[in-house]
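Peer 1: Residue strings, one per chain:
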Amino acid sequence: MAVLRRSLLAIGVALLGMAPTLTPAASSITVASTTSTEQSGLFGHLLPRFTGRTGIEVRVVALGTGQALDVGRRGDADVVFVHDRAAEEKFVAEGHGVNRVEVMYNDFVIAGPKSDPAKAAGSDILQALQRIAATEQPFISRGDRSGTHAAELRYWQAAGIDIADAGGDWYREIGQGMGPALNMASASNAYVLSDRGTWLSFKNRGELAILVEGDRRLFNQYGVMLVNPEKHPDVQATEGQAFIDWLVSDEGQQAIGDYRIDGQQLFFPNAGATQISQ
Amino acid sequence: MQSLGDAFSMLGALDHDVMAIAWLSLRVSLSAVLLGSLVAIPLGALLAIVTFPGRPLVVAVVNAFMGLPPVLVGLIVYLLLSRSGPLGALGLLFSPGAMIVAQTVLAIPLLAALTRQIVEDAHRELDEQLRSLRLDVWQRIRVLVFHLRFSLVVAVLAAFGRAISEVGAVLVVGGNIDGYTRTMTTAISLETQKGDLPLAIALGILLIAIVLVVNGTASAMRAYTMRLYP
Amino acid sequence: MTAGLQIVLRGLCFRPNGRTVLAGLDATITSPGITAIIGPNGAGKSVTLRMIDGLLQPDSGTVRFGPRPPESIRRSFVFQRPGLIRASVARNIALALLPLRLPRAEAERRVATALARVGLADRADDSAQKLSGGEQQRLALARVWVTDPELLLLDEPTASLDPGATEAIECLVHSMAKAGTKIVLVSHNIGQVARLARDVLVLCQGRVVEHGATGQILTMPRTPEARAFLKAEMPWQCFAAAS
Numbered sequence: 001m002a003v004l005r006r007s008l009l010a011i012g013v014a015l016l017g018m019a020p021t022l023t024p025a026a027s028s029i030t031v032a033s034t035t036s037t038e039q040s041g042l043f044g045h046l047l048p049r050f051t052g053r054t055g056i057e058v059r060v061v062a063l064g065t066g067q068a069l070d071v072g073r074r075g076d077a078d079v080v081f082v083h084d085r086a087a088e089e090k091f092v093a094e095g096h097g098v099n100r101v102e103v104m105y106n107d108f109v110i111a112g113p114k115s116d117p118a119k120a121a122g123s124d125i126l127q128a129l130q131r132i133a134a135t136e137q138p139f140i141s142r143g144d145r146s147g148t149h150a151a152e153l154r155y156w157q158a159a160g161i162d163i164a165d166a167g168g169d170w171y172r173e174i175g176q177g178m179g180p181a182l183n184m185a186s187a188s189n190a191y192v193l194s195d196r197g198t199w200l201s202f203k204n205r206g207e208l209a210i211l212v213e214g215d216r217r218l219f220n221q222y223g224v225m226l227v228n229p230e231k232h233p234d235v236q237a238t239e240g241q242a243f244i245d246w247l248v249s250d251e252g253q254q255a256i257g258d259y260r261i262d263g264q265q266l267f268f269p270n271a272g273a274t275q276i277s278q
Numbered sequence: 001m002q003s004l005g006d007a008f009s010m011l012g013a014l015d016h017d018v019m020a021i022a023w024l025s026l027r028v029s030l031s032a033v034l035l036g037s038l039v040a041i042p043l044g045a046l047l048a049i050v051t052f053p054g055r056p057l058v059v060a061v062v063n064a065f066m067g068l069p070p071v072l073v074g075l076i077v078y079l080l081l082s083r084s085g086p087l088g089a090l091g092l093l094f095s096p097g098a099m100i101v102a103q104t105v106l107a108i109p110l111l112a113a114l115t116r117q118i119v120e121d122a123h124r125e126l127d128e129q130l131r132s133l134r135l136d137v138w139q140r141i142r143v144l145v146f147h148l149r150f151s152l153v154v155a156v157l158a159a160f161g162r163a164i165s166e167v168g169a170v171l172v173v174g175g176n177i178d179g180y181t182r183t184m185t186t187a188i189s190l191e192t193q194k195g196d197l198p199l200a201i202a203l204g205i206l207l208i209a210i211v212l213v214v215n216g217t218a219s220a221m222r223a224y225t226m227r228l229y230p
Numbered sequence: 001m002t003a004g005l006q007i008v009l010r011g012l013c014f015r016p017n018g019r020t021v022l023a024g025l026d027a028t029i030t031s032p033g034i035t036a037i038i039g040p041n042g043a044g045k046s047v048t049l050r051m052i053d054g055l056l057q058p059d060s061g062t063v064r065f066g067p068r069p070p071e072s073i074r075r076s077f078v079f080q081r082p083g084l085i086r087a088s089v090a091r092n093i094a095l096a097l098l099p100l101r102l103p104r105a106e107a108e109r110r111v112a113t114a115l116a117r118v119g120l121a122d123r124a125d126d127s128a129q130k131l132s133g134g135e136q137q138r139l140a141l142a143r144v145w146v147t148d149p150e151l152l153l154l155d156e157p158t159a160s161l162d163p164g165a166t167e168a169i170e171c172l173v174h175s176m177a178k179a180g181t182k183i184v185l186v187s188h189n190i191g192q193v194a195r196l197a198r199d200v201l202v203l204c205q206g207r208v209v210e211h212g213a214t215g216q217i218l219t220m221p222r223t224p225e226a227r228a229f230l231k232a233e234m235p236w237q238c239f240a241a242a243s
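Chains as they are written, first to last, in the working numbering: chain A, 1 to 278; chain B, 1 to 230; chain C, 1 to 243.
Please note: incorrect hints may appear among the correct ones.
Claimed, not checked - Footprint (simulated), chain B over chain C, 3 or more residues, beta carbon under 8 Å: (1) 78 to 87; (2) 95 to 101.
To be verified - With a straight-line cut-off of 25 Å between C-alpha atoms, the simulated SDA-like cross-links for lysine to any residue are: (3) K203(A) with D178(B); (4) K231(A) with G91(B); (5) K130(C) with D127(B); (6) K203(A) with A22(B); (7) K203(A) with D127(B); (8) K90(A) with T238(A); (9) K203(A) with L197(B); (10) K130(C) with V153(B); (11) K203(A) with S84(B).
Said to hold, decoys possible - Restraint-style ranges between C-beta atoms, simulated for each label pair: (12) S175(C) with V154(B): 42 to 50 Å; (13) T54(A) with R104(C): 55 to 63 Å; (14) Q57(C) with R124(B): 15 to 23 Å.
Simulated from the structure, these hints should not be mistaken for laboratory data. Using N, Cα and C, we set each Cβ at its ideal position, and we do this for glycine too.
Bound-form chain A, shown alone (with noise of 0.2 Å):
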């Protein structure tokens, strides 16, 4: 018997011995971005780089755009980094963030089965979309509150389309993130719109290709901004403005211009362009 109690002692011990940190280290924060910018590697690249400089962890957390921000809303965040400019300066208009700056855009893009049962391929994204909806061709739609989701509904506004009245099955809302959007696009051969960092990075394309593209419409302004420390006082102001400094800095700015998959390019710094403060 007192061979089990023994171990099972040792393994109390030792898990407890083990347990993870249950606070975050001094020098980390916590970034709320998008699954786009998560997904496609983005970060993977940039973030050592910015540790390896400051010495500050960065930890983020990917979630839609209207996601990000409520957790910034809530104070879990230190800085938000996401794409849909009309929610982002509603956030700062509110007194949740300071000093939104814009830093890159990428581009958005209409993937769709290779046959193209709309004739929607082009360059012109609202033609698309009318095409779309007057053959009813399945289009899958985040439907998530996303900025890519935000962006899709404004689309479909300029198109002239309602899309809820548009009735019947084809436009499907799916309520989940741009992956699961490109995986049932893929799997039902449906029309489905996506940032280019995730198509790129997606390896599940089955029939799907990319229709539309090119379109100024279609870019997609990345912008941060540090989570209001007057509101949550737990923010780490300091290490986050760091972070906000780091991605408008020329250092930060060329490695986002230098990352690429396959030779191309996803995300196009911009910073300085713009600028909105509080």
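Starting from the known structure of chain A, arrange chains B and C on it as the hints suggest.
Peer 2: Frame of chain A, contents of chains B and C only:
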């Protein structure tokens, strides 16, 4: 099928990152089950040996809570641990500590319900004996839990299986942060989203292997000690 | 030290779920040594024994021990089947010492002494489940012995044992009684009652129908109920009807 073939070839080349993820999953789930056991086994045993009005209702509720949806537990723990929540000052959200808390909450009803059932059956046989020895309630619980340790190991393993295989709770409270709170299940979910199905399956096979090793080790220990005390 | 121990049962009634088990049972046990309780199945023997121990509470009536408060009496119970836990012989015995919160060394000493008294010293580290039925019941006796009880209640302790094992248990019970422990024994074994008991209570339908010295009860029962019971137990015996 091709994914499956690729998955097996990937297992041969497990890199450091994957091992770190597996180790984190193991640490979080074992810690949660250990903490959960410390709370739930005495409580389940207590529920088995005391009678009070409303006991059947409590038993029914505990049994029903075995099926708590992990994502709901995750959400509640998230709201509790959020900086804006009542326990925000702990700064636990998006850390392995938060994942341990969530999985502990998941494990407790399962452990308590199974413990109650196991103890109740043995209690019928031993109740008079233990009361005649003038043991108080907590001494009786200690003795019964000790007496039933081999059966309770199975309950603990069931709780471990539930903890290490759930994704909903750890994803919400841990945030799936690369190198910090990414577990086997959130990694599988992420790789599936990225469309990297072979890697997702490889991770899944590794997860099953871990569960098998833990169960095998526990069963071997159980068999060894059971031979001493049949 | 137990010469003065009195067990006074007054008007014990027990009706679980409307079924009458005890119907106003009265008895006063003042004799030292071993008192046996006999009677047909369902007469209320085991229930009476449990009430003396405190394991069961009567619906009405009282269990008293002369002037002494019940909680001051060190009582122990041995059941027909020893309730053993999955552990070593020594650990099973140590269970009885848990409420006393003794220092470890003192507890181990007492366990060793008790094991030696029942002849199980060399089995201390064996699994209790590996013992034979007779050895398990000796273990049960050792377990009550460690607490040095004033009053020992035995509920058919040898009912499931063979004659050899029964004899060993009887020897131990006899020596415990000689050492001063008051013992109340419920038994179906009339021979055992004759060998061990100083006095006998005959129970029938939840009442004491007769209480007297063992020799008198077993040979000249006064009441028709006791006579009928003993006749059934010992068909070869002729009972003279006492006046």
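Peer 1: Any hints from earlier that this structure breaks? Give me their numbers in increasing order, please.
Peer 2: The structure conflicts with hints 7 and 11, although it agrees with all the remaining ones.
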